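Chains Z and U, in that order, are what the protein sequence lines are.
Last residue of the first sequence: 324 in this note's numbering, with the numbers rising by one and none dropped.
Last residue of the second sequence: 359 in this note's numbering, with the numbers rising by one and none dropped.
Keep in mind that the hints were calculated from the coordinates and are not lab data.
Where hints are given, some of them may not hold.
Said to hold, decoys possible - Looking from chain Z toward chain U, a few residues come up when the C-beta cut is under 10 Å (computed):
hint, residue
1, Arg18
2, Ala22
3, Glu226
4, Gly227
5, Pro299
Stated by the list, open to error - Chain U stretches covered by chain Z per the calculated footprint, using a threshold of three residues with CB under 8 Å from any CB of chain Z:
hint, segment
6, 32-40
7, 84-98
8, 153-167
9, 185-193
This one's a predicted model, so the numbers in the text were calculated from it and none came from an experiment.
Heads up, the beta-carbon is just placed ideally off N, CA and C, and yes, glycines get one too.
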Amino acid sequence: MKANVVEAVQDALRIALREDPACLVLGEDVGRNGGVFRATDGLQQEFGESRVLDTPLAESSIAGVGLGLAAAGMHPVCEIQFAGFLYITMNQIGSQVARLRLRTGGSLKAQMVIRAPYGGNVRTPDLHSDSFEAIYAHTPGIKVVLPATAYAAKGLLLAAIEDPDPVLFLEPMRIYRGYREEIPDGRYTVPLGQARVAREGVDVTLVAYGAAVGTALEAADALATEGVEAEVVDLQTVAPLDAETVLASVRKTGRAVVIHEAARPGGLGAEVSAVIQEGAFYSLEAPIERVTGWGTPYPFVQAEGLYVPSAARIAAAARRALSA
Amino acid sequence: MGYLRDAPDDWLPLRLVDQDGTPLLGAELPPHDTVLAIFRWMVFGRVFDQRMLSLQRQGRIGTIGSIRGQEASAAGLGVAMQGLDWLAGSYRELLTYMVHGVPAETLISLYRGGVPGPFPEGVRALPVQIVIGAQTPQAAGLGLALKLRQERAAVVACCGDGATSEGDFHEGVNFAGAHHLPVVFFVQNNGWAISVPRARQTASATIAQKAFAYGMPAAQVDGNDALAVYEVCREALERARRGDGPSLIEAVTYRLGPHTTSDDPTRYREETEVKAREAEDPLPRLRRYLEHAGIYEEGLQERLEEEARESMGKAVAVAEAVPPVTPEQVFDLTWAAETDGARRERERALRELREVGEL
Ligand SMILES: Cc1ncc(C[n+]2csc(CCOP(=O)(O)OP(=O)(O)O)c2C)c(N)n1
Ligand SMILES: [Mg+2]
């Protein structure tokens, strides 16, 4: 089938609801309205109100109810309408969901997925464009997954739903309705915890995830015209991190640029850089570069185009790494 | 006066003026100049809404929520407030913000994706809240400050029916009740929270009655009866300013437009429902009252619309003349004073942008 990212998400949810009687979908406006991005379009009609539930407007309860459902053996897929509102779920996710296994000596598990659209450059109101993956990467016990393509969105989401551990699944809003690619019909999974090489190259490694993978590939195209072959590593799961794929690439290229649109301080760029210097220090030929959002909150729409890393910024960082 | 209740009654929403504009028997109505002020603001709200939606369609502002149909609640509340009162509202209370002294151009700038505010000196208002329910406990905080400083003023915390499901809402109302704070919780129940109908939001028969559990009185008012909204707000605000504690008002109204410009309401509600509610449009209703009371001068509405269009035109021009936000402004506004580390991060970010010619 041909699908863009949001259609791939929808297809994965449909398959999970069809094949897994314990699976259910809950969130704000996910029922009749089919979600504000239509990620759940048609699901309530097909599976009924008991499996596709419109919740009251209360994010903390969406996550907390999800935990309760999971503890009782259901496999809930919770939708938070925009990742910005994950702040409200922080208590339930951080202090509860991520620790249920540990806290119960392994007797209860939180097999649940929390989905949320994230990311900027889509001209949204306040707090609708934030990237919070680092906050949850710093909350061990919940996996953090960010697909970069329609193929990955479907396969990772199906893998997340059947994973016994909780998964925060952040969907890049900017590429929700990007181009439609051919993806397999029916069930397939893309393993969690594994990065993928999105483009092979030998000169410099560009590490990205989510919508930034597309921007990194654009930068790689630009670099190719200068005779630079960049390798693009798409992390896919940022927690737990697949260090090996990143290290294998950097051992080959000797140079690395880490890209994310989340704020720079304490971001995933810092974590990935640390992992590289721990595991590939002697292969490094240049300081690791980071291309990220600024050390400010996500800015007003008029400035967001400068905040979110552009292909030009990524290419410039790669050139800096190459000339060091 | 005497509209607030301490226990559930049969909850017919308070009404002072009927659909056809006739006052109910014995209704005590505000003086004519107040009524005219409310009418003028409602007309302004209607024109503002139309203009904002068309600016959005032209790509000159971002996503915006429609306030059409809710002008009576917004203006009735706004006119009942006084200069020293605080307003803590959301995107649905833009008209109340303007009545309270925030210029239209400031709101247009906000929706153009520019620097929000600042509000004019002396206008006591929290930012237009986007995170549902977050303003409610903040309002309790403002109320606590007023109480501690013994200021004779009240806080108005606005939100929608959907927002009453958020934990923040309950925590804020409870706090105000527990500490007997001068806060008026004003809930515009417009029937819908995007696609979720009021009945799906809470199993309570009314939103108003939630107040009793928090130990404060409440009223449910016909939110399309501007004068009833005004009167009940005046009572609640006076009570708060006097030091007699918080209260909650549920204004039952209806969102005639889409939730926002990104919303397609035909997916979840029947056109017939909307048509029926169009007939309860608060604006012609207040105009019928003005006519009934003999204070409607020929052509008044058209004149007010013309005035509103003119002032909106000016406001748009002012907002569009503001130069686009620079990254420097974003850094400037992040910290009161940058530490060395923050300054170096700013310089690094700007250098990076200059290097690629984005700045
Ligand atoms: C915490 C939070 N969750 C979700 C949203 C997305 N959202 C924006 S408005 C809205 C519905 C609000 O309904 P209600 O409180 O009834 O106010 P109304 O829009 O009807 O005025 C939702 C779910 C948000 N802005 N903030
Ligand atoms: Mg509502």
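Hints, one by one, checked against the model:
no.: 1; hint: Arg18; result: 23 Å, violated
no.: 2; hint: Ala22; result: 24 Å, violated
no.: 3; hint: Glu226; result: 14 Å, violated
no.: 4; hint: Gly227; result: 19 Å, violated
no.: 5; hint: Pro299; result: 4 Å, holds
no.: 6; hint: 32-40; result: violated (count 0)
no.: 7; hint: 84-98; result: violated (count 1)
no.: 8; hint: 153-167; result: holds (count 5)
no.: 9; hint: 185-193; result: violated (count 1)
In summary, the numbered hints that this structure violates are 1, 2, 3, 4, 6, 7, 9.
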